[in-house]
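In terms of full-length UniProt numbering, the sequence shown opens at residue 1 and continues consecutively.
These aren't lab readings, by the way, just hints derived from the structure by calculation.
Treat the hints with caution; some may be incorrect.
Claimed, not checked - Think about it this way: if two alpha-carbon atoms lie no more than 27 angstroms apart in a straight line, the pair counts; the simulated DSS-like pairs of lysine-lysine are:
(1) K218 / K182
(2) K249 / K350
(3) K483 / K505
(4) K47 / K74
(5) K483 / K473
(6) K158 / K249
(7) K472 / K483
(8) K350 / K472
(9) K255 / K218
(10) K287 / K318
(11) K449 / K472
(12) K473 / K449
(13) K443 / K505
(14) K318 / K158
(15) K255 / K287
(16) K182 / K158
(17) K472 / K505
(18) K350 / K291
(19) K255 / K182
(20) K291 / K318
(21) K74 / K55
(22) K158 / K218
(23) K249 / K291
(24) K473 / K443
(25) K449 / K483
(26) K350 / K443
(27) K71 / K47
(28) K350 / K318
As the structure is a computational prediction, the values presented were derived from the model and not from experiment.
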Amino acid sequence: MKSASTLKAVKAVALLFAGAGLAFGGYWTGMHKSAGDAPPSSAVADKIDPATGRKVLYWHDPMVPGHKFDKPGKSPFMDMQLVPVYADEAAADGVKINPSLQQNLGIRFAAVRREDARDSFEMVGTTQFDESVAEVVQSRVTGYIERLHARAPMQRVKRGEPIASLFVLDWIAPQEEYLALKRAGNNDLAAAARQRMRALSIPDGLVAQAERTGQAQKHFTITSPVTGVITELAVRDGAMVSPGVTIAKVAGLQKLWLIAEVPELLATSVRPAMTVEATFAGDPSHKYSGKVREVLPGVSTATRTVQARLELDNRDGKLTPGMLMRVRLGAEQSVSRLLVPTEAVITTGKRSVVLVAGDNNSMQPVTVTTGRDISGDTEILSGLSEGQRVVASGQFLIDSEASLKAVLPRLAVAQANAQAAGTSASPSSPKASSAPAYHGVGKVERIDKDAFTISHQPIPALQWGAMTMGFKKQRPDAFPDIKVGQSVEFSFTQANDDYVLVEVKPASGGAK
């Protein structure tokens with residue numbers, strides 16, 4: 001009897017241990033399955049880094065941050081050692097990168113500084129003749145073009161160089177009368193005859209030549225009043241001209257106009273008298289100085305630009321009309337501005353972000369409002385203060401909106417797991433505190449009893465591209481108002497190997 005009761009007791013103890021083993025095995029299996037989604041909370045979290053004395057949550061490869069390891073070693077992805085993630089890091093905002101990794105990644109810092117800077121921006125323009133100094137050559141009498149010295153438009157001429165010779169029949173008789181009176185010694189009548197010739201627009205030089213030769217001059221040569229280019233030639237040999245008829249138009253090259261295309265956004269920033277520096281591809285080292293003459297009215301509907309007329313000094317004569325030049329405009333007065341290097345600003349399309357360096361090698365993304373770009377620097381209107389340190393290079397870690405969205409959820413998960421390691425989770429919802437929610441936008445392709453099939457846009461937080469896939473329902477009657485073909489915004493969590501919908505609602509007006 002006694003042996004039988006002892007045998008029964010042994011069997012009971014064995015069954016008790018077997019049940020406990022199965023329970024522990026089920027618990028360990030569940031924890032092992034969730035290891036891909038959250039760092040180990042007991043065995044790993046209790047490890048202390050002997051070098052720093054800090055509690056280690058897990059080890060990871062910074063270049064592939066989605067994978068976590070429970071012990072140190074070499075990364076299976078990159079030729080580098082795994083990096084520990086400490087409990088105090090998980091509870092902090094931002095991203096921490098150790099100094100050696102900062103050096104390997106080429107991360108460089110710059111200080112936020114305040115300087116007096118002038119408004120300046122670059123644009124392109126095309127040179128033109130300065131019409132304000134162009135000279136019009138006209139005939140003052142009726143005559144004929146006996147010889148045309150200028151043969152074609154765009155011909156270069158110098159000041160005093162002949163353009164055309166005229167035969168003027170009406171000038172012969174007054175000259176002969178004047179010469180006859182001069183020979184007769186009648187000075188009073190000769191003086192009166194000279195006044196009549198002046199009234200007939202006979203040049204004094206032509207009268208002096210008639211006095212020297214003693215013969216009336218039948219031909220009159222018209223010369224260029226300035227050194228430049230004949231932009232217009234309106235007559236030919238043998239043509240008859242009358243008073244007021246334009247023979248030629250000569251434009252000087254000492255100064256040129258530069259018609260610059262100003263973006264509509266900057267139109268109000270360009271003002272007359274602003275200083276100008278311009279260069280052209282043929283000689284980029286030579287800078288031509290000038291100023292803004294005026295801003296022309298009207299906006300081009302094709303390019304959305306306003307034209308500004310600039311005046312350039314061209315005394316060396318290297319510039320010709322039609323050249324394409326790069327122009328930098330600067331204001332006359334300087335204004336105190338808060339500046340950071342332009343390369344420090346990450347523009348996502350919807351906002352501008354700067355990584356601010358904090359204590360203990362941390363870097364915090366900060367949304368800023370930017371102003372003008374000034375000679376390699378960007379003006380900061382809000383979001384930063386003077387003296388802060390920002391990341392000036394190496395932002396490829398989070399160089400786009402997608403990267404920022406991928407980093408911040410991982411930080412939130414790490415923070416939640418670190419807090420869960422120190423406090424007990426709620427027994428009623430053990431998974432609710434550890435499974436992060438992801439968000440997406442897409443179109444419902446199919447609705448089944450227990451699942452939705454959705455064609456969704458890229459989900460940066462999971463590094464997913466656009467695809468069509470199934471999402472489980474929490475219960476069969478969930479989301480009854482959603483129809484096939486409808487554009488929706490949805491949230492989901494990962495449960496083991498399935499993705500379970502938490503919320504599905506019609507997409508807002510901007511989502512497609």
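Proposed proximity, K472 with K350 (alpha carbon, max 27 angstroms)
violated (32 angstroms)
Hinted pair K255 and K182, Cα distance within 27 angstroms:
Violated, at about 48 angstroms.
Is K472 within 27 angstroms of K483, Cα to Cα?
Given pair K472, K483 holds - Cα atoms ~16 angstroms apart, limit 27 angstroms.
Keeping to a limit of 27 angstroms between CA atoms, is the pair of K158 and K218 held or broken?
At roughly 25 angstroms apart (the allowed maximum being 27 angstroms), K218 and K158 satisfy the hint.
Agreement of K287 and K318 with the hint, judged by alpha carbon distance not exceeding 27 angstroms
holds (12 angstroms)
Would you mind confirming whether the straight-line C-alpha gap from K472 to K505 stays at or under 27 angstroms?
This hinted pair holds, its Cα atoms lying about 15 angstroms apart.
Does K249 sit within 27 angstroms of K158, going by the straight-line distance between their CA atoms?
holds (13 angstroms)
Agreement of K71 and K47 with the hint, judged by alpha carbon distance not exceeding 27 angstroms:
Cα-Cα ~9 angstroms, so holds.
Would the pair K318 and K158 pass a check requiring their Cα atoms to be no farther apart than 27 angstroms?
Holds: K318 and K158 sit about 16 angstroms apart, inside 27 angstroms.
Given the proposed pairing of K182 with K158, does the C-alpha separation stay at or below 27 angstroms?
violated (36 angstroms)
Tell me if the straight-line CA distance from K483 to K473 falls inside 27 angstroms.
holds (14 angstroms)
Do the alpha carbons of K449 and K483 lie within 27 angstroms of each other, as the hint requires?
holds (13 angstroms)
Comparing the model with each earlier hint shows violations of hints 2, 8, 9, 16, 18, 19, 28; every other hint is respected.
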